[in-house]
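Chain by chain, the residues run as shown.
There are 2 protein chains.
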Amino acid sequence: MQREGSGPGGPVPPPGYDRLAVGELAALLARVFERHGASAEVAGVLGRNVAHAQRDGSDSHGLFRIPGYLSTLASGWVDGRAVPVVTDAAPAFVSVDARNGFAQPAHEAARALLLDKLRSQGVALLAIHDSHHFAALWPDVEPYARLGYVALTFVNSMACVVPHGGKRALFGTNPIAFAAPRAGGDPLVFDLATSAMAHGDVQIAAREGRDLPPEHGVDAGGRPTCDPRAILDGGALLPFGGHKGSALSMMVELLAAALTGGNFSFDFSWDEHPGAQTPRTGQLLIVIDPGRGAGANFAERAEALVRAMRGAGQERLPGDRRYRQRRESESLGILLPSSELARLRELARRL
Amino acid sequence: MQREGSGPGGPVPPPGYDRLAVGELAALLARVFERHGASAEVAGVLGRNVAHAQRDGSDSHGLFRIPGYLSTLASGWVDGRAVPVVTDAAPAFVSVDARNGFAQPAHEAARALLLDKLRSQGVALLAIHDSHHFAALWPDVEPYARLGYVALTFVNSMACVVPHGGKRALFGTNPIAFAAPRAGGDPLVFDLATSAMAHGDVQIAAREGRDLPPEHGVDAGGRPTCDPRAILDGGALLPFGGHKGSALSMMVELLAAALTGGNFSFDFSWDEHPGAQTPRTGQLLIVIDPGRGAGANFAERAEALVRAMRGAGQERLPGDRRYRQRRESESLGILLPSSELARLRELARRL
Numbered sequence: 002m003q004r005e006g007s008g009p010g011g012p013v014p015p016p017g018y019d020r021l022a023v024g025e026l027a028a029l030l031a032r033v034f035e036r037h038g039a040s041a042e043v044a045g046v047l048g049r050n051v052a053h054a055q056r057d058g059s060d061s062h063g064l065f066r067i068p069g070y071l072s073t074l075a076s077g078w079v080d081g082r083a084v085p086v087v088t089d090a091a092p093a094f095v096s097v098d099a100r101n102g103f104a105q106p107a108h109e110a111a112r113a114l115l116l117d118k119l120r121s122q123g124v125a126l127l128a129i130h131d132s133h134h135f136a137a138l139w140p141d142v143e144p145y146a147r148l149g150y151v152a153l154t155f156v157n158s159m160a161c162v163v164p165h166g167g168k169r170a171l172f173g174t175n176p177i178a179f180a181a182p183r184a185g186g187d188p189l190v191f192d193l194a195t196s197a198m199a200h201g202d203v204q205i206a207a208r209e210g211r212d213l214p215p216e217h218g219v220d221a222g223g224r225p226t227c228d229p230r231a232i233l234d235g236g237a238l239l240p241f242g243g244h245k246g247s248a249l250s251m252m253v254e255l256l257a258a259a260l261t262g263g264n265f266s267f268d269f270s271w272d273e274h275p276g277a278q279t280p281r282t283g284q285l286l287i288v289i290d291p292g293r294g295a296g297a298n299f300a301e302r303a304e305a306l307v308r309a310m311r312g313a314g315q316e317r318l319p320g321d322r323r324y325r326q327r328r329e330s331e332s333l334g335i336l337l338p339s340s341e342l343a344r345l346r347e348l349a350r351r352l
Numbered sequence: 002m003q004r005e006g007s008g009p010g011g012p013v014p015p016p017g018y019d020r021l022a023v024g025e026l027a028a029l030l031a032r033v034f035e036r037h038g039a040s041a042e043v044a045g046v047l048g049r050n051v052a053h054a055q056r057d058g059s060d061s062h063g064l065f066r067i068p069g070y071l072s073t074l075a076s077g078w079v080d081g082r083a084v085p086v087v088t089d090a091a092p093a094f095v096s097v098d099a100r101n102g103f104a105q106p107a108h109e110a111a112r113a114l115l116l117d118k119l120r121s122q123g124v125a126l127l128a129i130h131d132s133h134h135f136a137a138l139w140p141d142v143e144p145y146a147r148l149g150y151v152a153l154t155f156v157n158s159m160a161c162v163v164p165h166g167g168k169r170a171l172f173g174t175n176p177i178a179f180a181a182p183r184a185g186g187d188p189l190v191f192d193l194a195t196s197a198m199a200h201g202d203v204q205i206a207a208r209e210g211r212d213l214p215p216e217h218g219v220d221a222g223g224r225p226t227c228d229p230r231a232i233l234d235g236g237a238l239l240p241f242g243g244h245k246g247s248a249l250s251m252m253v254e255l256l257a258a259a260l261t262g263g264n265f266s267f268d269f270s271w272d273e274h275p276g277a278q279t280p281r282t283g284q285l286l287i288v289i290d291p292g293r294g295a296g297a298n299f300a301e302r303a304e305a306l307v308r309a310m311r312g313a314g315q316e317r318l319p320g321d322r323r324y325r326q327r328r329e330s331e332s333l334g335i336l337l338p339s340s341e342l343a344r345l346r347e348l349a350r351r352l
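Chains A and P supply the protein sequences, listed in that same order. The first sequence runs 2 to 352 under the numbering used here. The second sequence runs 2 to 352 under the numbering used here.
Just chain A, same shape as in the assembly (with noise of 0.2 Å):
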């Protein structure tokens, strides 16, 4: 399957590996999703999300997701053809019923009535519930900071992690991502699970036999552990920063279900689906225009705390692995073993 130079003008791929671009990935991915029962619409928004966490090598949330999309949409507990509701729930308020879809396609089908919202009323959220989020976070963000809007959403998952305090798992990842618009260059965007770490990270780690850092899970006895499998084999994580992430991590539960409608990340089970991975929840959105109040400049202020943060000597910004790789990857291609570019072919062929 090795092709010479079949990403966008790249070199050669090292042996074993080939070369896409990140659109061709994206449409293989579709078809991918569209062989394995979602409709047209819901694969082609999924294979654009997985391609692009591949593109940006978020590793834990691309092509590494795709057995589990596979595995939940066989199982029957997620609608690969769900048609998501949208409510104009008051003026500066969007309600979506994802109808047991993903969560994606419904914030896409809540897109142009948020923003009309918000370009009115200053500030616009987006409530989803009944909704399957498998995905990154920060891809639900990024794209309002390139429209200037400052966006922060909050996604519950599946009960996985113990609160500060408590003995048993009750809370999920609960991740936050939040994106600016910054003059200077990409917007400033992170993406962070409250737990101690991502489940997706755990996940890699008991594959590849890794032993996780102190202080991050409980094995099933509540025991702190530092084995991955022990925490996945009927343990669970912790969250991040003590009391604090904990709290966080309630907040998340609060928004992302109690306000929206959705399941608590301990409300729903996978028993009746053997296959199910995806957790059945929901996503709230909140995205603010900058340029209504008295901080017409914002993106120039961002751009000055950056060099801020630059001058304190702080070299990383949130985002900034993410961009590196995706210039790499828009330049050269996604670099993809041989093997499982074949494998994501066959499955795109499959009936």
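Be careful, since some hints might not be right.
Claimed, not checked - Here's a subset of chain A near chain P, in silico, CB distances under 10 Å, partners left out:
1) H37
2) G185
3) G186
4) L193
5) A207
6) M252
7) F265
8) F269
9) W271
10) A295
11) G314
12) P319
Simulated from the structure, these hints should not be mistaken for lab results. Heads up, the beta-carbon is just placed ideally off N, CA and C, and yes, glycines get one too.
Use these hints to put chain P onto chain A, whose structure you have.
Here is chain P on its own, set in the frame of chain A:
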């Protein structure tokens, strides 16, 4: 000065202590503020704020703050008579110029308009700039939860926290506070510094000669230290939770300063105002009406989350300690050293 049963029905205070009803302490503090340069309006707001912090056992934001308030007022750095200017910036967006006054009176001045907007739009923003926030942050959000709303606020302060990976202080302690109603009890409220600890707690540890835990701060040379005096004397705090807390602190700078039009934590200097202690920055408040979306039963859902947290073994909820202390203060009066009460009465008299 000791009087028997000076609190409302309280027992005799221990020798050397007095009890004061919450309202009495608030009124006394208002007189202190008014005698030291605040207008009656500002003095009333600050008096209640400090009395409520003392009532709730928030040691670092109660009477402990009075010398700092008076010193900063005397320095001419802050305008205790400022009249905030409220602007109707957009249908869901209120902007307030605090005119170099305190943030709490600016918030008060905008509250009615903010609530109007919230009720009509479903979500509303309050962006305060050119303001001094020297108080606990939870009092800014708890009242909204008591009205059935969800509130989230961010305030930046003064450069005393080194960004993750950096060498010099740049961020403030940059707290985040959150409040949400629950059906079966007091609102869920947290108020957390994004620094490893609150600046007031460093000052208290220094005064008491206590060492801090490791990984909380660095000395003037950027070396790790557990000595609170070394942190205050040219050193700096670290963010909580490593790069995640640092990213959240950056977000607070962007939301509380860039978005509002306020100063960053490193944008101002006290050099020309000896005695100045209050940060001249900004604050953002986001208030959401959960009844407008699919989360109409928010308070019941929050109660279910509380039950689950307790079921998972979490014994102390965010806010619990404050509410317990509040109930005691409200039934017995606030216990104060008689010497401190005498000093306050002296300060209230002096012109």
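Each hint tested on the structure:
1. H37: violated (29 Å)
2. G185: violated (14 Å)
3. G186: violated (14 Å)
4. L193: holds (5 Å)
5. A207: violated (22 Å)
6. M252: holds (5 Å)
7. F265: Holds - the Cβ of F265(A) comes within 10 Å of chain P, reaching about 6 Å at its closest.
8. F269: It is violated, given that the least Cβ distance between F269(A) and chain P is near 13 Å, above 10 Å.
9. W271: violated (18 Å)
10. A295: holds (3 Å)
11. G314: For G314(A), the interface hint holds, since the closest Cβ of chain P sits about 3 Å away, which is under 10 Å.
12. P319: holds (5 Å)
Of the hints listed earlier, those the structure fails to meet are numbers 1, 2, 3, 5, 8, 9, in rising order.
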